Amino acid sequence: MPEIRFKMARMHSRKKGTSGSTKPSVPQHDKWLEYSNDEIEKIVTDLAKAGKPASQIGLILRDQYGVPDVKAITKKTITQILKKNKLASGLPEDLTNLLHRALKLRKHLDKNHKDESNRHGMLLTESKIKRLIHYYKARRVLPADFYYDAKNIELLLR
9 MPEIRFKMAR
19 MHSRKKGTSG
29 STKPSVPQHD
39 KWLEYSNDEI
49 EKIVTDLAKA
59 GKPASQIGLI
69 LRDQYGVPDV
79 KAITKKTITQ
89 ILKKNKLASG
99 LPEDLTNLLH
109 RALKLRKHLD
119 KNHKDESNRH
129 GMLLTESKIK
139 RLIHYYKARR
149 VLPADFYYDA
159 KNIELLLR
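Note that our numbering has the sequence shown beginning at 9, numbered continuously upward.
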C-alpha cells in the first residue's frame, strides 16, 4: 500500500510545504562503505573538535567521505556520538541558530530603528524561539527554569 504523506504549510509565509527526499524504510549498512563504526566516530569527534556543528558534520560525512547515513552504520546519531564524547553544546543547534539570527536582527534594529520589515522579522524569529524553548522544556532537553530574555541574547550564546 502506498504511503500517504501530508505536506505542511509554512507558518510565517504563504507558501506550501517543501518536498524532500525520504530515507529507505529499512536502514542498512552498505557493503561498499569503506569506513567502520570506530572510524566514523573518530571522524565525527575530530570534526566536532574543529568547531563544526552536528548538521555540518553530517554534510561533510556525506559529501567528502561518502557516508550516506551515520545512524544506519553506527546505530547512534551524530548528536549521541557528540554527547558520549562530551563534545555537544549546551543548547540545541536549531535554537542556537535562531538566537544568532535574533541577535543580528536586534543589532540591525538598534542602528535602523525605522526598519519595520526587520522589526516584523524579529518578532517572527522571537516567536519561533519561544515555541522551540517550550518544546525543549516539555522534552526535558532544557531545564524547567530556562527562559529567553531578548535583551540578553549574547549571554545565552556563550
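Note that these hints are calculated values from the structure, not bench results. Among these hints, one or two may not hold up.
[Unchecked claim] Mimicking SDA-like on lysine to any residue, the simulated pairs with C-alpha atoms at most 25 Å apart in a straight line are:
1. K94 <-> H128
2. K159 <-> K94
3. K84 <-> G98
4. K84 <-> H128
5. K24 <-> L95
6. K50 <-> K115
7. K79 <-> K115
8. K57 <-> K39
9. K31 <-> K94
10. K79 <-> E42
11. K23 <-> G98
12. K115 <-> K94
13. K159 <-> M130
14. K145 <-> L107
15. K91 <-> K159
16. K112 <-> R127
17. K60 <-> Q88
18. K31 <-> Y43
19. K57 <-> S29
20. K94 <-> A80
21. K91 <-> T53
22. K94 <-> L140
23. K24 <-> E49
24. K23 <-> K39
25. K39 <-> K24
26. K84 <-> A96
27. K84 <-> R109
28. K83 <-> L107
29. K115 <-> Y73
30. K60 <-> A96
31. K136 <-> N126
[Said to hold, decoys possible] Computed beta-carbon distance windows for the label pairs:
32. A152 <-> N45: 32 to 42 Å
33. Q88 <-> P151: 16 to 26 Å
34. L41 <-> A152: 12 to 22 Å
35. S21 <-> L41: 16 to 26 Å
36. L41 <-> D118: 48 to 58 Å
37. E47 <-> H20: 36 to 46 Å
38. L117 <-> A58: 51 to 61 Å
All values derive from a computational prediction rather than experimental measurement. Where a beta carbon is used, it is the ideal one built from N, C-alpha and C, also for glycine.
The hints, checked one at a time:
| no. | hint | in the structure |
| --- | --- | --- |
| 1 | K94 <-> H128 | 38 Å, violated |
| 2 | K159 <-> K94 | 30 Å, violated |
| 3 | K84 <-> G98 | 19 Å, holds |
| 4 | K84 <-> H128 | 39 Å, violated |
| 5 | K24 <-> L95 | 37 Å, violated |
| 6 | K50 <-> K115 | 39 Å, violated |
| 7 | K79 <-> K115 | 39 Å, violated |
| 8 | K57 <-> K39 | 29 Å, violated |
| 9 | K31 <-> K94 | 28 Å, violated |
| 10 | K79 <-> E42 | 16 Å, holds |
| 11 | K23 <-> G98 | 33 Å, violated |
| 12 | K115 <-> K94 | 32 Å, violated |
| 13 | K159 <-> M130 | 13 Å, holds |
| 14 | K145 <-> L107 | 16 Å, holds |
| 15 | K91 <-> K159 | 30 Å, violated |
| 16 | K112 <-> R127 | 12 Å, holds |
| 17 | K60 <-> Q88 | 15 Å, holds |
| 18 | K31 <-> Y43 | 20 Å, holds |
| 19 | K57 <-> S29 | 30 Å, violated |
| 20 | K94 <-> A80 | 22 Å, holds |
| 21 | K91 <-> T53 | 10 Å, holds |
| 22 | K94 <-> L140 | 23 Å, holds |
| 23 | K24 <-> E49 | 38 Å, violated |
| 24 | K23 <-> K39 | 41 Å, violated |
| 25 | K39 <-> K24 | 38 Å, violated |
| 26 | K84 <-> A96 | 14 Å, holds |
| 27 | K84 <-> R109 | 30 Å, violated |
| 28 | K83 <-> L107 | 31 Å, violated |
| 29 | K115 <-> Y73 | 39 Å, violated |
| 30 | K60 <-> A96 | 11 Å, holds |
| 31 | K136 <-> N126 | 15 Å, holds |
| 32 | A152 <-> N45: 32 to 42 Å | 36 Å, holds |
| 33 | Q88 <-> P151: 16 to 26 Å | 20 Å, holds |
| 34 | L41 <-> A152: 12 to 22 Å | 42 Å, violated |
| 35 | S21 <-> L41: 16 to 26 Å | 39 Å, violated |
| 36 | L41 <-> D118: 48 to 58 Å | 50 Å, holds |
| 37 | E47 <-> H20: 36 to 46 Å | 42 Å, holds |
| 38 | L117 <-> A58: 51 to 61 Å | 33 Å, violated |
Of the numbered hints stated above, those contradicted by the structure are hints 1, 2, 4, 5, 6, 7, 8, 9, 11, 12, 15, 19, 23, 24, 25, 27, 28, 29, 34, 35 and 38, listed in ascending order.
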